[in-house]
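We have chain A already, so just place chain B on it with the hints.
There are 2 protein chains.
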Amino acid sequence: MKTIHTIGILGGGQLGMMLAQAALKLGLRCVFLEDAPNAPASLYGQVYTTSELDDFIKASDVFTLEFENTPVATAERLANLDDKGGMFPPAKALSVAQDRLAEKALFNELGVTTVPYQAVNTLDELHNACDTLGLPLVLKTSRGGYDGKGQFVIKTTDDIAQAWAELGGAITGGAMPAPLIAEGFINFSREVSIIAVRSQSGNIRYYPLVENHHQNGILAKTIAPAQGVENLNQSAQESIAKILENLNYVGVLTLELFVTDNGLIANEIAPRVHNSGHWSIEGANCSQFENHIRAVAGLPLGDTSIVKPSVMLNIIGKYPDENQLLSIGGAHYHHYHKSERDGRKIGHITVMADDLATAVASAQQTLNNC
Amino acid sequence: MKTIHTIGILGGGQLGMMLAQAALKLGLRCVFLEDAPNAPASLYGQVYTTSELDDFIKASDVFTLEFENTPVATAERLANLDDKGGMFPPAKALSVAQDRLAEKALFNELGVTTVPYQAVNTLDELHNACDTLGLPLVLKTSRGGYDGKGQFVIKTTDDIAQAWAELGGAITGGAMPAPLIAEGFINFSREVSIIAVRSQSGNIRYYPLVENHHQNGILAKTIAPAQGVENLNQSAQESIAKILENLNYVGVLTLELFVTDNGLIANEIAPRVHNSGHWSIEGANCSQFENHIRAVAGLPLGDTSIVKPSVMLNIIGKYPDENQLLSIGGAHYHHYHKSERDGRKIGHITVMADDLATAVASAQQTLNNC
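Those protein sequences? They're chains A and B, same order as listed.
Position 298 of the first sequence, counting from 1, maps to 298 under UniProt numbering, and the rest follow consecutively.
Position 360 of the second sequence, counting from 1, maps to 360 under UniProt numbering, and the rest follow consecutively.
A hint or two may mislead.
No copy labels: a pair is met if it fits in one copy or bridges any two.
[Stated by the list, open to error] List of simulated lysine-lysine pairs, DSS-like, C-alpha gap at most 25 angstroms:
#	residue 1	residue 2
1	345	318
2	242	308
3	92	338
4	221	338
5	58	2
6	58	338
7	2	338
8	155	242
9	2	318
10	92	221
11	318	221
12	58	155
13	2	84
14	308	338
15	338	242
Hints listed in this document are in silico derivations from the structure and should not be mistaken for laboratory results.
Bear in mind the structure is a predicted one, so any value in this text is a computation, not a measurement.
Next comes chain A alone, as it looks inside the complex (with noise of 0.2 angstroms):
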């Protein structure tokens, strides 16, 4: 097995830059394929323009990525360097994720339950969609769009002549055309998601189901572990385990899903390492940051055990007054390096507490006085 001194990582933002800490510790470097200026993970290692790839690849043993969107064709690519460590996560996990069609597609056929849903390609389809799921649904681009974008809830019949003409585009036009799809709405009490990393020997481990909450349609917050759902890690440890399995996956997949009334609903997996995993870098004996770069480089991986109770919150926008932000005890601080705009990422906090109900008390506080 060749040995890895430097990783290559596709994508230079804030995940980059916390997988670029947990590697630096270990002994290991990473280099990044990024083209925005500036970005986060330079801080922490060379950056390549996507112009540069041919140095990026000189300059790593093995690759990862922290982009889910990165092109399918360049992990494939890179996978079949005979003289490097490989490319984990493998191209078909990646495939899988960018396309929602293809990714509940797989969850059905492993057995892991869904909500209801529908390829529309036409006016007519969306209509037929609406007949068979019932209203609302939910209408989604398949491919593309993130933290809310490209989605259009469709409450009422009058409704689906609007979110044809928001999303209709999408299916021949734009960077990625593709069908849309539509999903049965479902009452669900919580958003969980269950974090796991896979060695390339095939071990798992499992991080506990975490809650998030979000604002606008971006992750606000996560509370871990997520409280009275114990009965439900094994049922989400079977999930994990079936998709990592079937994508003979290597590092950290995410898997996010609704409490029902009848258990868990899969809503998505992000083939990386993910906002919902923060609090690990301090709430778990081994972060979901080291765990991936440890699968990724072949070692064995870490105790995914909680440290203490945690709650992560996200600073979006703007950056909070730090003299007051760090004044309250056990908030655990980590600024991006990235300016400020609206609904941007730009750092998070994660407080740590022996009861949660103290660690989220806390973290509240500190939202609202900065």
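Just chain B, lined up with the frame of chain A:
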């Protein structure tokens, strides 16, 4: 007050590296003054050689150090730059820490108990010290010397000639000519240290006393918190507070102490983050590195309380088998990116556990296996 973006650190070793790890998370940047090529800190910021001091100054908003043998004149020059945010710790702390006689004199002036000692400028004075203090005693250079170097234990009067032959030359020769110091021998049960941090507004926070174990004069293991000495924390805090306040100190200061039947005896200070505080990266709510950066940058101090009991083991000379090391649960590995060399600190691991006996046993197992 000057807004701090970039901290200029004198020295670029592993302490500088770990300071930078903390600074970057807070949204700050670091630059380093360091002549050694490929220094560990170079992974985290620009390195300037001493011949590039002016550029280093230009790049920095405020100054600190990780290398306690920094020339006092340099520290004074940086402290007096009108357009910069200051030099922390103050130059006086450096001059005291670099001179065992000045250090012991300050301790005694402040009522901090030391061993009995005498300055030695001549062979006659050495004979006189042996008579006055009794044998055995430890003869040391008052300047230079670290990790057990520059010391001679005089057990009988027969050793005096050899001790003089080995160390007497330092009085008038070498890079820093200075008297020797003869220190009376004491019976101690344990070596401990206390780390405290003082902010620019004069707030002080204390880490708990930790227990240090040396091998061949080099720190091998730190147990945090020190066991069975909880009643000594107050005395240690009072001692280090007096020193911090006398020196108008800002940043992290370490005080090494001996535990005797009659309480604590002060050995020496280190005017910087310290190897006996590495456990705090994972084991304390806010690490010594982050607290030092907070103090230097004028930010509020962080919570010094313990998350879980920890043991820190230095990796000295040779890297362990990483596959074995990382298989042990709860081991946090810190690789310094330094080449292997006998007696050189090239990494450390910290193991946390709910009970310390388990942590120590697990850490010992780690060492034995790799």
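Status of each hint after checking the structure:
With identical chains, the CA atoms of residue 345 and residue 318 are at most 25 angstroms apart within one copy only, with a shortest distance of 9 angstroms there and 41 angstroms across copies. Taking the closest pair of Cα atoms, residue 242 and residue 308 never come within 25 angstroms of each other, the shortest separation being 29 angstroms inside a single copy and 35 angstroms across copies. Taking the shortest Cα distances, residue 92 and residue 338 never come within 25 angstroms of each other, neither inside one copy (31 angstroms) nor across copies (38 angstroms). In this assembly of identical chains, residue 221 and residue 338 lie within 25 angstroms of each other by CA distance solely inside one copy; the values are 20 angstroms within and 39 angstroms between copies.
Taking the shortest Cα distances, residue 58 and residue 2 sit within 25 angstroms of each other inside one copy (14 angstroms), while across copies they are farther apart (43 angstroms). Taking the shortest alpha-carbon separations for residue 58 and residue 338, only the inter-copy value of 23 angstroms comes in at or below 25 angstroms, while the best intra-copy value is 28 angstroms. Taking the shortest alpha-carbon separations for residue 2 and residue 338, only the inter-copy value of 21 angstroms comes in at or below 25 angstroms, while the best intra-copy value is 35 angstroms. Taking the shortest Cα distances, residue 155 and residue 242 never come within 25 angstroms of each other, neither inside one copy (34 angstroms) nor across copies (70 angstroms).
With identical chains, the CA atoms of residue 2 and residue 318 are at most 25 angstroms apart between copies only, with a shortest distance of 21 angstroms across copies and 43 angstroms within one. Taking CA atoms no more than 25 angstroms apart as the test, residue 92 paired with residue 221 passes in neither setting, with 30 angstroms inside one copy and 46 angstroms between copies. For a Cα distance limit of 25 angstroms, the shortest separation of residue 318 from residue 221 inside one copy, 16 angstroms, qualifies, whereas the shortest one across copies, 43 angstroms, does not. When the C-alpha separation of residue 58 and residue 155 is checked against a cutoff of 25 angstroms, the pair qualifies neither within a copy, at 52 angstroms, nor between copies, at 61 angstroms.
Proximity of residue 2 and residue 84 under a CA criterion of 25 angstroms is satisfied intra-copy only: 7 angstroms inside one chain copy versus 48 angstroms between copies. Within a single copy, residue 308 and residue 338 get their C-alpha atoms no closer than 29 angstroms, and across copies no closer than 33 angstroms, so neither meets the 25 angstroms cut-off. In this homomeric assembly, residue 338 and residue 242 never come within 25 angstroms of each other (Cα to Cα): the closest approach is 37 angstroms inside a single copy and 41 angstroms across copies.
In the structure shown, a violation is registered for the earlier hints numbered 2, 3, 8, 10, 12, 14 and 15, in ascending order.
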